[in-house]
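Novice: Line order of the protein sequences matches chains A and B. Be aware that the first sequence starts at 1, since it is given in the numbering used here, and climbs by one per residue. Be aware that the second sequence starts at 1, since it is given in the numbering used here, and climbs by one per residue.
Hints listed in this document are in silico derivations from the structure and should not be mistaken for laboratory results. Built from N, CA and C at the ideal position, the CB exists for glycine as well. Please note that a few of the clues may not be correct.
Taking lysine-lysine and the BS3-like style, the derived pairs with C-alpha atoms no more than 30 Å apart in a straight line are [claimed, not checked]:
(1) B:Lys165 to A:Lys163
(2) A:Lys80 to A:Lys61
(3) A:Lys7 to A:Lys76
(4) A:Lys346 to A:Lys326
(5) B:Lys165 to A:Lys428
(6) A:Lys446 to B:Lys130
(7) A:Lys61 to A:Lys90
(8) A:Lys7 to A:Lys18
(9) A:Lys55 to A:Lys343
Some chain A residues well away from chain B (every beta-carbon gap over 10 Å; in silico) [claimed, not checked]:
(10) Val137
(11) Tyr164
(12) Ser174
(13) Leu317
If the Cβ cut is set under 10 Å, some of the chain B residues that face chain A in the computed set are [to be verified]:
(14) Ile73
(15) Val105
(16) Gly106
(17) Leu109
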Amino acid sequence: MDIIESKTWIEWVITIAKFAFCFVPVLYILLLIPMERRGAGFMQDRQGPNRSYIKIPYFGKIRLFGYIQNMCDGTKLFFKEMFAPAGVNKVLYYVAPAIPFAIVFLSPCVIPWFGPMVFDWGDKAVRIPGSIIDSDVGVLLLMGFSSLSAFGAILAGWASKSKYTFLGALRTSSMTISYEVCLGLSLMGILLLAGSFNLTDIVSWQENHVWGIVAQPVAFFCFLIASIAETGRAPFDVAEGEPELVAGYHTEYGAMQFGLFYMGEYSHICINSFLIATLFLGGYAVPFVTTETMQAHMGGSLAILCGILAFLALAFLHMLHRYSKKLAATQQTHRFEVLQEYKLYKICGWAAVVVFVVLGACAWFLFNPANMAINGFAIGSFATALGTALIHLLVLVVKSVCFCWVWIWVRWTLPRFRYDHVMHLGWKIILNIALINLVVTAVIAKLVGGN
Amino acid sequence: MLALIYFIVLAVIALGSALCVLLARHPLYAGLSLVTSMVSLAGIYGLIGSPFMGVVQIMVYAGAIMMLVTFVIMVLNGARDSKTPMFDKVSLFVIPAVLVLAGLVGFALVRSPLAFDATTLRGSVELTSKTLFDMAQTGPGYFLLFEVLGLLLLSAMVAAVLLAKKRLGSIETENTEVKH
Numbered sequence: 001m002d003i004i005e006s007k008t009w010i011e012w013v014i015t016i017a018k019f020a021f022c023f024v025p026v027l028y029i030l031l032l033i034p035m036e037r038r039g040a041g042f043m044q045d046r047q048g049p050n051r052s053y054i055k056i057p058y059f060g061k062i063r064l065f066g067y068i069q070n071m072c073d074g075t076k077l078f079f080k081e082m083f084a085p086a087g088v089n090k091v092l093y094y095v096a097p098a099i100p101f102a103i104v105f106l107s108p109c110v111i112p113w114f115g116p117m118v119f120d121w122g123d124k125a126v127r128i129p130g131s132i133i134d135s136d137v138g139v140l141l142l143m144g145f146s147s148l149s150a151f152g153a154i155l156a157g158w159a160s161k162s163k164y165t166f167l168g169a170l171r172t173s174s175m176t177i178s179y180e181v182c183l184g185l186s187l188m189g190i191l192l193l194a195g196s197f198n199l200t201d202i203v204s205w206q207e208n209h210v211w212g213i214v215a216q217p218v219a220f221f222c223f224l225i226a227s228i229a230e231t232g233r234a235p236f237d238v239a240e241g242e243p244e245l246v247a248g249y250h251t252e253y254g255a256m257q258f259g260l261f262y263m264g265e266y267s268h269i270c271i272n273s274f275l276i277a278t279l280f281l282g283g284y285a286v287p288f289v290t291t292e293t294m295q296a297h298m299g300g301s302l303a304i305l306c307g308i309l310a311f312l313a314l315a316f317l318h319m320l321h322r323y324s325k326k327l328a329a330t331q332q333t334h335r336f337e338v339l340q341e342y343k344l345y346k347i348c349g350w351a352a353v354v355v356f357v358v359l360g361a362c363a364w365f366l367f368n369p370a371n372m373a374i375n376g377f378a379i380g381s382f383a384t385a386l387g388t389a390l391i392h393l394l395v396l397v398v399k400s401v402c403f404c405w406v407w408i409w410v411r412w413t414l415p416r417f418r419y420d421h422v423m424h425l426g427w428k429i430i431l432n433i434a435l436i437n438l439v440v441t442a443v444i445a446k447l448v449g450g451n
Numbered sequence: 001m002l003a004l005i006y007f008i009v010l011a012v013i014a015l016g017s018a019l020c021v022l023l024a025r026h027p028l029y030a031g032l033s034l035v036t037s038m039v040s041l042a043g044i045y046g047l048i049g050s051p052f053m054g055v056v057q058i059m060v061y062a063g064a065i066m067m068l069v070t071f072v073i074m075v076l077n078g079a080r081d082s083k084t085p086m087f088d089k090v091s092l093f094v095i096p097a098v099l100v101l102a103g104l105v106g107f108a109l110v111r112s113p114l115a116f117d118a119t120t121l122r123g124s125v126e127l128t129s130k131t132l133f134d135m136a137q138t139g140p141g142y143f144l145l146f147e148v149l150g151l152l153l154l155s156a157m158v159a160a161v162l163l164a165k166k167r168l169g170s171i172e173t174e175n176t177e178v179k180h
């Protein structure tokens, strides 16, 4: 087959392996749910759910700082009975939760997870883009997908045949349409500067000039507000509206069908965080270091990365040390159990420190892949490209996790909006600011020069 | 070969859901089939080297316009219209119109050369923007047309708002209008 022979086997392996990135939003759910719950606890000066445990020999009850709660919730949702209330439209009722969840797997395809991998493979320069679909229309495709995902909520609301769900569905559709406009318009400024819809191009523009948040601060805030509104979380949770509409469009859903909506919402947060990090925070670009510098000193870069990770592990150990000192001084009855549990974490922490230090030292002394220049382009070995991709990916993940925290932060600190206030904010304030920002950007870009 | 397989799959989905639009009893099902049809059409656009057209199709038609249409269907009808007969007097006009249109399109398709290379770009971002805005290449024609279309849409929107506002005013505040 021609199509198979058009690429070397390593290209095929990486191209297929990149499809694993489709599951990143689903994995982020595991991170986001404990983060949300413990974050809410942090905001409200309480512990948050951290009591579920797994019992293992010697160390006793292992709670993993509330992560076990996740497993309990998931198990509960999976084993609950799936039911449909009488009078619902059966087909649409069962199809609706699947739509937002299916879109979740499509959306990560256009996000560049690492810079284009350029390396030398058997006297052949190979270039592999960092996104699954390296398309000219990247960001538009993402917007299209996110507008399609609102159909799930609308159909769910309609198919449930209940007044609350119906009102929730109507609100979702109107919110999606109005905030989609704001989202698109606030995006235009950075697209204008980068001169491309392709997310990889936008990131490389930011890498060579300044980050989007510096070039387009107004657009950044418009985009942030609009994308928080689009995920439909508090303070913009008019579609679910617990005080008014029970639970909005998914009032009639239970068990894993509700779980799909819930997971869809969290994955939407993940996608939007990745999008903001890519558009305004330089995406996979490492701050203050160009990719070329990093590739020229690959061993050193990997060693620094390992050093940072080892430092984080040490910080974790320090936190544990302080907790256990505080706990040992109290008279709480369960303190010995907890201290026993902490022993496991301490062992893991020290193991991580040792592993990272050893890895870092190995990278520093042993890993010095040769780089060569062909036609002016620096083309490294496969190992260099892989190391660069790893660093890029970690940087992007760190940036996006920061934004995930912004979502939780906003949710638990701001009071919720009334429905007409949301519409007022969308159409009369953010839309106009985004338009003015676009015009100003266009004029300045024209005056400064360039196309 | 691969492109042909994709095309056949997408075309079958598009045609099937377009038929469903005609045959569906409930307007909401018709709307949903229209969405499916539009999404698969977007796929075909992407397949023939016009990714920009395809994405705009998804964003504007499948995303925004069909969302509004479902909104309107849900607000106006809800569950009431599920007993609509499949054929009524209007079908006397609709069915011949559909048949004639299908015949015309089929005739045009048979007459036109169908062979094309799927790898050439026809509607990419760059090509579309060049055709629309590069005055050196095409003259000011398309550019002016584009702007005029924008004005037309704006005036249509303003007119719609005015009409809706007038009706609201006449129902609710009939007396206040006389006073002025």
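Novice: So, for every hint listed, does it hold in this structure?
Specialist: Cross-check of the supplied hints:
Proposed proximity of B:Lys165 and A:Lys163 is supported: the alpha carbons are some 27 Å apart, at most 30 Å. Under the criterion of a C-alpha separation no larger than 30 Å, the hint pairing A:Lys80 with A:Lys61 is consistent with the structure, at around 26 Å. Note on A:Lys7 and A:Lys76: the hinted pairing is violated, with a Cα-Cα distance of about 46 Å set against a maximum of 30 Å. Distance check on the hinted pair: A:Lys346 and A:Lys326 sit about 16 Å apart at the alpha-carbon level, within 30 Å; holds.
Between B:Lys165 and A:Lys428 the CA atoms are separated by roughly 18 Å; this keeps the pair inside 30 Å, and the hint holds. At most 30 Å may separate the alpha-carbon atoms for a hinted pair to count; A:Lys446 and B:Lys130 meet this at roughly 18 Å. Only pairs whose Cα atoms come within 30 Å are accepted, and A:Lys61 paired with A:Lys90 is rejected, the gap being roughly 44 Å. About 15 Å separates the Cα atoms of A:Lys7 and A:Lys18, which keeps this hinted pair within 30 Å; it holds.
Restraint check for A:Lys55 and A:Lys343: the C-alpha separation of about 14 Å stays at or below 30 Å, so the hint holds. Remark: the non-interface label on A:Val137 conflicts with the geometry, its nearest Cβ contact in chain B lying 4 Å away (cut-off 10 Å). No Cβ of chain B approaches the Cβ of A:Tyr164 within 10 Å, the least distance being about 14 Å, so the stated non-interface status holds. Distance check for A:Ser174 against chain B: the nearest CB is about 7 Å away, which does not clear 10 Å, and the non-interface claim fails.
Listed as outside the interface, A:Leu317 is consistent with that label: its C-beta sits roughly 49 Å from the nearest C-beta of chain B, beyond the 10 Å cut-off. With a least beta-carbon distance of about 9 Å to chain A, the hint placing B:Ile73 at the interface is held under the 10 Å criterion. For B:Val105, the interface hint is violated, the least distance from its beta-carbon to any beta-carbon of chain A being 27 Å, above 10 Å. Against a cut-off of 10 Å between C-beta atoms, the interface hint on B:Gly106 is violated, since the closest Cβ of chain A lies about 31 Å away.
With a cut of 10 Å, the hint placing B:Leu109 at the interface with chain A is violated, because the nearest CB-to-CB distance is about 27 Å.
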